[in-house]
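Q: Sequence:
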Amino acid sequence: MTAVDLPAVPRVLIAEADPWSRDLLKQVLLNVRCDARLDLCADGQQAISLLSEVPYDLAIVDWELPGVDGLNVLRSVRQRKRNPPLPFILMSSRNDSASVREALPLAPTAYLTKPLNMESLTERLQGLLLNAGEEVFCEVPVLAPGMTLSVFLERRREQADGAPLMTDVQVAVKRSLNPNGLDLKLLEEEIKTDPQITAVLIAAANSAAQHYGAPVQTLAQALHRLGTGQSMNLILGLALKRSARLSDPCLADYAERYWGLSLHTAEYARTLARLLDLDQERCYCAGMLHRLGDLALLRCLQEWKQAGGELDEWTEVGDALEAFGAAYGSALRTRWRLPLELRELIASAYQLGGGVYSREALVMNMAAQMARLTEHEGVEELAKSRTARLLKIGLPELMRMRK
1 MTAVDLPAVP RVLIAEADPW SRDLLKQVLL NVRCDARLDL CADGQQAISL
51 LSEVPYDLAI VDWELPGVDG LNVLRSVRQR KRNPPLPFIL MSSRNDSASV
101 REALPLAPTA YLTKPLNMES LTERLQGLLL NAGEEVFCEV PVLAPGMTLS
151 VFLERRREQA DGAPLMTDVQ VAVKRSLNPN GLDLKLLEEE IKTDPQITAV
201 LIAAANSAAQ HYGAPVQTLA QALHRLGTGQ SMNLILGLAL KRSARLSDPC
251 LADYAERYWG LSLHTAEYAR TLARLLDLDQ ERCYCAGMLH RLGDLALLRC
301 LQEWKQAGGE LDEWTEVGDA LEAFGAAYGS ALRTRWRLPL ELRELIASAY
351 QLGGGVYSRE ALVMNMAAQM ARLTEHEGVE ELAKSRTARL LKIGLPELMR
401 MRK
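Numbering-wise (the numbering used here), the sequence shown opens with residue 1 and increments by one.
Because the hints were derived from the structure by calculation, they are not lab data. Just to be clear, a hint being listed does not mean it is correct.
[Claimed, not checked] Here are the computed lysine-lysine pairs in the BS3-like style, where the Cα-Cα straight-line distance is at most 25 Å: (1) 114 to 241; (2) 174 to 26; (3) 185 to 26; (4) 185 to 174; (5) 26 to 114; (6) 392 to 403; (7) 241 to 305; (8) 174 to 81; (9) 174 to 192; (10) 403 to 192; (11) 241 to 192; (12) 114 to 174; (13) 185 to 114; (14) 403 to 384.
Throw the hints in and build the complete structure from the sequences for me.
A: And the structure:
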């Protein structure tokens, strides 16, 4: 089958067990054909059922699916002797010649080894989903009649893609390359101030596909567990999503302010943790993520405007942040399954609950209070606070940190 055989709107199945890899494949494919109809599944038996019921134009299947593996999914497809044969991309972490020879008799359209080469995958998809010289344009979906901003934000809360990117990922990856490939330490330095990238990499490193060892709670740990290829793919994939950057000047200005709060909280938290001989990077990471919900809400407000909604920048943006910001952050941290210990640190940046507090939780609470101070406010009141007393931090230390 060639591209000219495609219907006006192609139907594609993506079968991949890891949710982050599945989402990455979805974004790459929609970047090639934004109008494609996608079905997603996470196990081989469901893939076989869907392939027997739906006349797909392309299947992208991982060999290492639970239950029925991807090779047997391909075998099931070929046994139906469809004419012309269904284009079938088989992905696998197996790059040995024996595995390739095992798959070849079943005639996969492509055999791609993981971590995927994004450029090669894109070229494959263009060849399969686009006619020669064809370009596909998709309009932004419009709002349903009578849709209000509050209803829109409530509905988007459980599906929000997270915060806008505050880092130019293409530049970050380029700067992290050396003659031997991608340098993870350099990459960490380039992306460590971006809340969205940090959260996604930690979530991906803790997914079921990365099921070994203790939970990952810092960016450095996530990069190490994911490796260079998967880390780079996930980062570049974030830039493909709609509203990945804020183009609206007012919303971008709000985002800069909340990002600034995140940066200051993270830096204060790291300094305090170093002073008290605590885990500096975990505290830094918690500070970086504690405004993730507010930033995610701003991204959804841009989607509202792009869909034709009106927005009073003087009142409605602030009201929406106050009403939904915390809920968006909580929903994201839960849906992305960030480690409970990290979520507790993030929560302590806002308030300390009852009971016994860890010293790191006290550090986060103090760091967030310091970050919220205006340039004209001193730290005298903070030095008298219960948090300062419990940490045994005095006015001289706080004044040095403020400088």
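Q: Does the alpha-carbon distance linking residue 114 and residue 174 stay inside the 25 Å limit?
A: Holds, because 21 Å separates the two Cα atoms, which is no more than 25 Å.
Q: Between residue 185 and residue 114, does the CA-CA distance stay at or below 25 Å?
A: OK: residue 185 and residue 114 at ~22 Å, within 25 Å.
Q: Would you check the hint for residue 114 and residue 241, treating anything up to 25 Å between C-alpha atoms as holding?
A: With Cα atoms ~22 Å apart, residue 114 and residue 241 stay inside 25 Å; holds.
Q: Is the hinted pair residue 241 and residue 305 satisfied, with a Cα-Cα distance of at most 25 Å?
A: Within the cut-off at roughly 16 Å; holds.
Q: When you check the alpha-carbon spacing of residue 403 and residue 384, does it fall within 25 Å?
A: At roughly 19 Å apart (the allowed maximum being 25 Å), residue 384 and residue 403 satisfy the hint.
Q: Given the hinted pair residue 174 and residue 81, is their Cα-Cα distance within 25 Å?
A: violated (45 Å)
Q: Taken at face value, is the distance from the CA of residue 403 to the CA of residue 392 at most 25 Å?
A: holds (20 Å)
Q: Please work out if residue 174 and residue 192 have their alpha carbons no farther apart than 25 Å.
A: Answer holds: residue 174 to residue 192 is near 15 Å, not above 25 Å.
Q: For a C-alpha distance cap of 25 Å, please report whether residue 403 and residue 192 respect it.
A: holds (23 Å)
Q: Would you check the hint for residue 185 and residue 26, treating anything up to 25 Å between C-alpha atoms as holding?
A: violated (28 Å)
Q: Between residue 26 and residue 114, is the straight-line Cα distance small enough, at 25 Å or below?
A: holds (16 Å)
Q: Next pair to validate is residue 174 with residue 26; report whether the Cα-Cα distance is within 25 Å.
A: This hinted pair holds, its Cα atoms lying about 24 Å apart.
The earlier numbered hints that this structure contradicts are 3 and 8.
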